[in-house]
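Engineer: Protein sequence lines, in the order shown, are assigned to chains A and B.
Each step along the first sequence adds one to the number in the numbering used here, with nothing skipped, and position 383 is 383.
Each step along the second sequence adds one to the number in the numbering used here, with nothing skipped, and position 110 is 110.
Quick caveat, the hints were computed from the structure, so don't treat them as lab data.
Bear in mind the structure is a predicted one, so any value in this text is a computation, not a measurement.
Note that the Cβ used here is the ideal one computed from N, Cα and C, for glycine as well.
Certain hints may be false.
Per label pair, the in silico range of CB-to-CB distance [said to hold, decoys possible]:
id, chain 1, residue 1, chain 2, residue 2, range
1, B, Pro-66, A, Ala-465, 50 to 60 Å
2, A, Lys-367, B, Leu-28, 56 to 66 Å
3, B, Trp-124, A, Lys-462, 54 to 64 Å
4, B, Ala-147, A, Asp-99, 52 to 62 Å
5, B, Leu-216, A, Glu-371, 52 to 62 Å
Next come the chains, spelled out residue by residue.
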Amino acid sequence: MKITRRTALQGTAGALALGLGGFNFDFTRATAQAPAVKRGGNLNFAISAEAPHYDPHASDTYATLHLAAPFYSTLLRFNLSKFPALEGDLAQSWTAAPDLMTYTFKLHPNVKFADGTTLTSADVKATYDRMRDPPQGVVSTRKATFADIGSIETPDPLTVVFKMKAVNAAMLEHFASPWNVIYAAKDLAENPALPRTKINGTGPFTFVEHVKGSHIAGKKNENYFKKGFPYLDGFKGIFTLQAAAMLNAVQGGQVLGEFRGISPAERDRLVQTMGDKIRIEESSWTLNLLVCFNVDKKPFDDVRVRKALLMAIDRWGGSQGLSKISTLRSVGGVVRPGSPYATPEAELVKLPGFSKDIKKSREEAKKLLKEAGHENLSFVLWNRNLAMPYTPAGIFLVDQWRQIGVTVEHKQSDTGAYLATMNAGNHDVAIDFSNLFMDDTSLGLAKYLSVTRSPENRSRSKDEALDKLYDDHMRERDPAKRKAIVRAFEKRLFEQGYQQPLLWWHRIVPTHKTLMGWKMSPSHNLGQQLEDVWINA
Amino acid sequence: MTMDSPSLPAVKPRQSNVYLDFCRQQPLGAVSFVIIVLMMFAGIFSPLVAPYDPLTIDFASLLAPPSADHWCGTDAYGRDICSRLIYGSRTALVIGFTSSFVGSTLGAILGIASAYFGGRIDDWIQRFVDILLAFPLIVLALVVVAAFRKFSVGGVDVNLIVAIAIPILPRVARVVRSAALSVRVMPYVDAARAAGYSHTRIIFRHMAPNVVAPYLIMLTAFIAQAILAEASLSFLGLGVTEPTAAWGLMLSGNAADFYRQAPWMILFPGIAISLAVFAFNLFGDSLRDFLDPRFKL
Chain A
1 MKITRRTALQ GTAGALALGL GGFNFDFTRA TAQAPAVKRG GNLNFAISAE
51 APHYDPHASD TYATLHLAAP FYSTLLRFNL SKFPALEGDL AQSWTAAPDL
101 MTYTFKLHPN VKFADGTTLT SADVKATYDR MRDPPQGVVS TRKATFADIG
151 SIETPDPLTV VFKMKAVNAA MLEHFASPWN VIYAAKDLAE NPALPRTKIN
201 GTGPFTFVEH VKGSHIAGKK NENYFKKGFP YLDGFKGIFT LQAAAMLNAV
251 QGGQVLGEFR GISPAERDRL VQTMGDKIRI EESSWTLNLL VCFNVDKKPF
301 DDVRVRKALL MAIDRWGGSQ GLSKISTLRS VGGVVRPGSP YATPEAELVK
351 LPGFSKDIKK SREEAKKLLK EAGHENLSFV LWNRNLAMPY TPAGIFLVDQ
401 WRQIGVTVEH KQSDTGAYLA TMNAGNHDVA IDFSNLFMDD TSLGLAKYLS
451 VTRSPENRSR SKDEALDKLY DDHMRERDPA KRKAIVRAFE KRLFEQGYQQ
501 PLLWWHRIVP THKTLMGWKM SPSHNLGQQL EDVWINA
Chain B
1 MTMDSPSLPA VKPRQSNVYL DFCRQQPLGA VSFVIIVLMM FAGIFSPLVA
51 PYDPLTIDFA SLLAPPSADH WCGTDAYGRD ICSRLIYGSR TALVIGFTSS
101 FVGSTLGAIL GIASAYFGGR IDDWIQRFVD ILLAFPLIVL ALVVVAAFRK
151 FSVGGVDVNL IVAIAIPILP RVARVVRSAA LSVRVMPYVD AARAAGYSHT
201 RIIFRHMAPN VVAPYLIMLT AFIAQAILAE ASLSFLGLGV TEPTAAWGLM
251 LSGNAADFYR QAPWMILFPG IAISLAVFAF NLFGDSLRDF LDPRFKL
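Kindly produce the complete structure, drawing on both the sequences and the hints.
Structural biologist: Structure, rendered in structure tokens:
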């Protein structure tokens, strides 16, 4: 399809309206007269998992972002007060060429890294080069997202120009991804893997200490380029790996919030015990758990085995039960239910693994396993030891697979070992996650691309048909045609059964009412720089 | 005049029945023995005894209170708590028995060897034992279980068994050594040594049988400790993993969220753990009182 200026603009508008306007906020915020900002104080908040490293480029877990985001800046970011509108972070201004083939960013002057170095366009270029074409030994889970960038130019120290190889209608939103934190070029030149172990950013806080198993602490960046920010003197992210410990900490006031999300039962407990001292905000969540088969391992290289296992899962029944006890809620395909590109229920139930006639579906699953010669299949289900919602999902899956005669050993491990095992391809079957910050399919479908293009594809599948459909959908400007390609992508993916969403999450965030300025969104990856957060003590 | 000497009635020597004697002398021990036997029966014959499959989820019966259908109610997944308790006894006993047996046996061997060789070997072993004894049982178990990667054989968590066995080892070694020290100076040990028997033969054939009483008492007492340690580690998320039926695990996870709404979720596993620990402790104490002649004076 020839891309003209008109079609490009139409596409952009369509993508924004469909892809990003899809967030349906069902949370409410008090709109009473806002009190005057109080400066100072230290914020303690809970982080329910401890990240294995500090590098958001190589991560797709919030554990890294909640720990690292306050120390860093990005080019653009989402304005959570007017979500999904964008605002500049390091970029003072920006322009997109009418054909969407060139993006120009003007940077704020006098931005300093924590080590005193002045930020220039060379730092932005080095950062994006690292993400789109990571050097040997560096992992970039954003590689597929930025594959359309042809070159990055730095005409002067405060100007960065991105020249595209192909149009990506949601490119500006990708520039606002919270994962794309800007590193210092000199650090990357010294050692491209340095950000895994060393924090040196331009964010509102500077690194103080990380005590493993205990906390990470930051103090106010006195040289922060946004004058008057941050409001806080410092923060401490306290690792509370046990849900009960986290709840006790919130209840006892040791922490003022947990920004990822809690279960309905945990919410009820806090409301019951804390009354009007606690603020609860709820939203649908751009996050799902995935059943992920390692296709490099037998018998999961056999599509019949994968399909059989997916067809044994009663998602509709599970969503009703699990939504009462966990953060898991909606049944959906590769796109968040309720968003414009989401597959309607009538179509979804025709796809493998989504039938409402579970009895019939399980009979077919048994037949498939018999055909494949694996009637007495047994394997290890690899899972994260986060109580919510990984444990309920694991318990549920073990039960579902037992009903077609499959024996499953459920193994749970802390975040570091869990990710390392999956990234190394040492798992049989795993409960993986798709952690998105927006609904646009250019982001949501990237996880399912061939592992050579998308390192976060932990099924390790290589499927040229899926890759082609993804590329076609990226170039397609007609929303209806784009939607049709997304459907074709989803159908192909589920028929091959490399990985499939189990259920989508529902976000419930508890914060003390003394905590001000923090903003709720459908993604727990957004709004964690904490620059405009303050304590009304 | 002759006087007949009074004839005494012939006294039949009383047939001693060790089981009846135990019941008579240690009634509480007998009761605890019955509890242990019942637990073992439930554990071995779980599939026959349990009314439901312990892993089957039933969202329609979520958090159901105790009733004729579910004697102990259901948990947050609608699983039958009674069935999970019955299957849980299997986990408790397998891990309890195995770790106590491994820890006590290795401890006994170390204790006898320490007493037998004496000198520098005894010093080294005892200092090592001192170091291990400095840590409370549960703390040492926590360190071990956290330090090693999980691995299981036949569904049994070997890591957990080793973690609980290691803290038991020095405690048994110290007690058995003290008993072995008195055996070492017995003439038959000297005779065996003079006859040129190997150290291994002297330790296992001549000394070990004479320290069986303290060994058995320690073994029994530590089963209770091991069950408690397993429950504690599972409660802390370091023991067996869901959906395995285990008493400690039943007290953690969702139980913390729903115990107000469904107190039976924590009540029955708590009773099961208390009863098992109580029974094994009491049985161990009664066995000691029964076997040790000093307590009969």
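Engineer: State for each hint whether it applies.
Structural biologist: To see whether the hints hold, each was checked on the structure:
1. B:Pro-66 - A:Ala-465: 50 to 60 Å: Hint holds: Cβ distance 55 Å, inside 50 to 60 Å.
2. A:Lys-367 - B:Leu-28: 56 to 66 Å: holds, 58 Å
3. B:Trp-124 - A:Lys-462: 54 to 64 Å: holds, 58 Å
4. B:Ala-147 - A:Asp-99: 52 to 62 Å: holds, 59 Å
5. B:Leu-216 - A:Glu-371: 52 to 62 Å: holds, 56 Å
In the structure shown, no violation is registered for any of the earlier numbered hints.
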